[in-house]
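Trainee: Listed below, chain by chain, are the residues.
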Amino acid sequence: MTPAATSPETGTVEEAASGAVKRVAVIGAGTMGSGIAVVAARAGWPTTIYDLDETRVKNGIETARGFLAKSGKLGKLSASQVEAASANLTGTSRLADLADVDVVIEAVFEDLAVKKEVLAGLDGVIAPTALIHTNTSTLPVTAIAAGSVHPERVVGTHYCNPAPMMDLVEVAVSPRTSTAAIERTRDFLRRAGKTTVLTKDRPGFIVNRFLIPWENNCIRALEAGLGTVESIDAAVTGALGHPMGPFKLLDIVGLDIHHQVASRLYEQLRDPRFAPPPLVDRMIAAGDLGRKTGRGFYDYGDTKLFGS
Amino acid sequence: MGAFRTVAVLGLGLMGRGIAQVVAQAGVRVIAVETDQDRVDTGLAAVAAFLDEGVRRGKVTAEQRARTMEKITGTAVLADIAEADLVIEAVVENRDAKREVLAAVAAAVGPKAVIASNTSALSVTDLAEAVPAPERVAGLHFFNPAPLMPVVEVVAALQTARPVVETLVEFVGEIGKTPVEVKDRPGFLVNRLLMPYLNDVVAEFDADLASAEDIDLALKLGLGYRMGPLELLDLIGLDTHHHATTSAYEATLDPQFAPPPLLTQMVAAGFHGRKTGRGFRLGGTDTQEASR
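Residue numbers (my numbering), protein chains in the order written: chain A, 1 to 308; chain B, 309 to 600.
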């Protein structure tokens with residue numbers, strides 16, 4: 001057991017453990033933030049979305065409510081569940097409004113300085129016993145936690161996209177994270193309907209740690225002429241039972257996003273397996289980012305090409 | 309008219325019997341060869357048992373089962389394959405053994421018969437070299453269990469004639485599988501991609517990234533994989549993977565294929581996965597390495 005995290009003027013994180021979570025805040029009203037807000041609101045917690053200006057806040061709430069309404073239409077939630085979850089959602093652009101939350105989930109732009117600043121800003125506002133979750137995919141949780149005067153209550157919680165639909169949350173633990181914070185985090189996520197796995201704070205955690213070199217290897221096999229886009233996808237889905245082949249997946253993720261994640265992991269690990277293969281650079285240079293541009297490894301033919 | 313009329317399958321181990329079944333199920337005559345009659349009987353009984361299970365689960369009708377078994381003739385005499393126009397070799401994964409068998413096959417069949425090896429880890433080019441007229445030799449890599457896995461890699465050796473590859477691609481389609489044409493490189497395509505991933509997972513597990521359970525769970529839930537990498541290794545057999553990845557490493561000197569030390573230790577300890585009851589996800593708390 002890790003010794004209980006203590007702070008002379010504030011008591012222990014454990015003291016808050018018995019208290020159930022009553023209010024949740026999500027910092028950042030983007031895709032991940034609004035998705036995570038859906039998760040919390042749907043689980044029954046009053047949830048406040050915070051962002052820098054009212055327009056972003058409004059958009060975030062609209063996105064979250066829109067998702068809930070769609071769940072209702074698809075029969076995933078009853079009308080009363082949609083109504084209750086939607087009513088749980090509020091928004092603010094004033095940090096002071098978050099004073100009484102028990103869990104803050106930070107889901108701002110994937111930039112270390114920005115995330116640290118967010119945590120530093122929370123220090124003076126929220127209770128020292130409140131949990132801080134940071135939703136990062138490629139940044140070190142330990143470095144983000146260093147932005148807080150209470151790093152022991154900072155836990156990495158990496159949601160998969162789309163957050164309301166994907167069961168998995170990777171719980172990443174820094175050397176400074178307290179055992180109580182880990183336990184409370186897992187309990188919170190369990191109540192939110194998520195399945196958690198516990199991982200050390202290492203680049204890529206579990207999923208991206210293994211996915212990125214896998215996809216890079218598939219791209220290199222393509223570059224080396226070991227197969228075609230179609231044959232490699234067919235071989236992988238057929239022989240390994242993956243739900244989709246590497247190139248179909250890369251087209252969905254976006255070549256630019258793959259490049260960004262791979263580069264960030266490479267910068268931290270200095271292991272050439274993580275370095276994006278040259279073909280990815282070429283495709284990005286050509287504007288072939290995947291489905292979103294109508295062309296990636298496959299041609300989706302639904303976007304007008306230049307000159308067509 | 310199919311690509312081949314009579315297919316000989318050599319070796320009725322796990323792979324050979326599955327291949328014999330797949331080919332016979334497609335209505336093609338199969339000559340199933342083993343080294344003695346006992347092995348022939350065991351192999352054919354296993355095919356019958358697999359089909360019985362299929363009947364019980366409603367995947368195969370009793371009539372299909374009977375017709376499949378009728379198509380297979382067992383023999384312990386290699387000369388009986390004389391009529392075969394395709395031979396699929398599925399004997400033990402050992403270079404010398406396979407080269408010897410392939411040379412004997414070449415002496416037993418007509419000069420135009422296509423000779424295929426179901427090797428997963430050996431060089432098809434090197435195996436073909438043991439056969440007179442090697443242009444008719446290729447790899448036909450089935451995955452385990454052959455009756456259920458939808459993909460077959462068609463491996464062109466350096467010597468393989470183009471029409472032989474094309475005929476094999478056609479044949480794989482006829483027996484209801486998806487052909488994937490691949491180069492004769494270590495691991496071909498699927499294992500070339502799979503082995504570094506499995507090695508990487510073992511190394512990170514050894515480095516305490518997360519528990520074996522959580523690594524498997526994360527990859528299943530996060531990526532929709534049917535099996536996590538460590539339970540997959542238990543299924544494949546740690547010894548089998550160790551052998552394959554060591555072969556690939558020796559052939560490429562690429563560190564991605566080098567067996568991670570924990571894998572080597574577990575193989576040395578006899579923790580081979582399901583077949584020995586101990587592995588990454590098996591064996592309980594007494595399996596010190598795997599229970600952290």
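Read the hints as simulated data drawn from the structure, not as lab findings. The structure presented is a predicted model; accordingly, all values stated were derived computationally and were not measured. For glycine and all other residues, C-beta sits at the position ideal for the given N, C-alpha and C. Wrong hints could be hidden among the right ones.
[Unchecked claim] Label-pair ranges, simulated between beta-carbon atoms:
id	chain 1	residue 1	chain 2	residue 2	range
1	B	V385	A	I252	52 to 58 Å
2	A	R191	B	L322	44 to 50 Å
3	A	V114	B	R582	47 to 53 Å
4	A	P162	B	E408	54 to 60 Å
5	B	G585	A	T228	38 to 44 Å
6	A	N161	B	E437	48 to 54 Å
7	B	D562	A	P162	33 to 39 Å
8	B	Q345	A	M165	55 to 61 Å
9	A	M165	B	R582	30 to 36 Å
10	B	E391	A	D167	54 to 60 Å
11	A	P162	B	G366	32 to 38 Å
12	A	T228	B	A559	22 to 28 Å
Trainee: Just tell me: holds or violated, for the beta carbon distance of P162 (chain A) and E408 (chain B) against 54 to 60 Å?
Mentor: holds (57 Å)
Trainee: Range hint 55 to 61 Å: satisfied by the CB atoms of Q345 (chain B) and M165 (chain A)?
Mentor: About 57 Å separates the Cβ atoms of Q345 (chain B) and M165 (chain A), which means 55 to 61 Å holds.
Trainee: Regarding V114 (chain A) and R582 (chain B), is the given constraint of 47 to 53 Å on their beta-carbon distance met?
Mentor: holds (48 Å)
Trainee: Does 30 to 36 Å hold as the CB distance between M165 (chain A) and R582 (chain B), or does it fail?
Mentor: About 33 Å separates the Cβ atoms of M165 (chain A) and R582 (chain B), which means 30 to 36 Å holds.
Trainee: Given the range 32 to 38 Å, decide if the beta-carbon distance of P162 (chain A) to G366 (chain B) lies inside it.
Mentor: holds (37 Å)
Trainee: Just tell me: holds or violated, for the beta carbon distance of N161 (chain A) and E437 (chain B) against 48 to 54 Å?
Mentor: holds (51 Å)
Trainee: Starting from the hint 33 to 39 Å, judge whether the C-beta atoms of D562 (chain B) and P162 (chain A) obey it.
Mentor: holds (37 Å)
Trainee: Measuring from beta carbon to beta carbon, are G585 (chain B) and T228 (chain A) in 38 to 44 Å?
Mentor: Holds: the Cβ-Cβ distance is about 41 Å, inside 38 to 44 Å.
Trainee: Okay, T228 (chain A) versus A559 (chain B) on CB: inside 22 to 28 Å?
Mentor: Given about 23 Å between the Cβ atoms, the range holds.
Trainee: Confirm or reject the claim that R191 (chain A) and L322 (chain B) have a C-beta distance inside 44 to 50 Å.
Mentor: Hint holds: Cβ distance 46 Å, inside 44 to 50 Å.
Trainee: Against the range 52 to 58 Å, how does the distance between the Cβ atoms of V385 (chain B) and I252 (chain A) compare: consistent or not?
Mentor: Holds: the Cβ-Cβ distance is about 55 Å, inside 52 to 58 Å.
Trainee: Quick one: are E391 (chain B) and D167 (chain A) within 54 to 60 Å, going by C-beta?
Mentor: Given range 54 to 60 Å: holds, Cβ gap about 56 Å.
The structure fails none of the hints (numbered hints given earlier).
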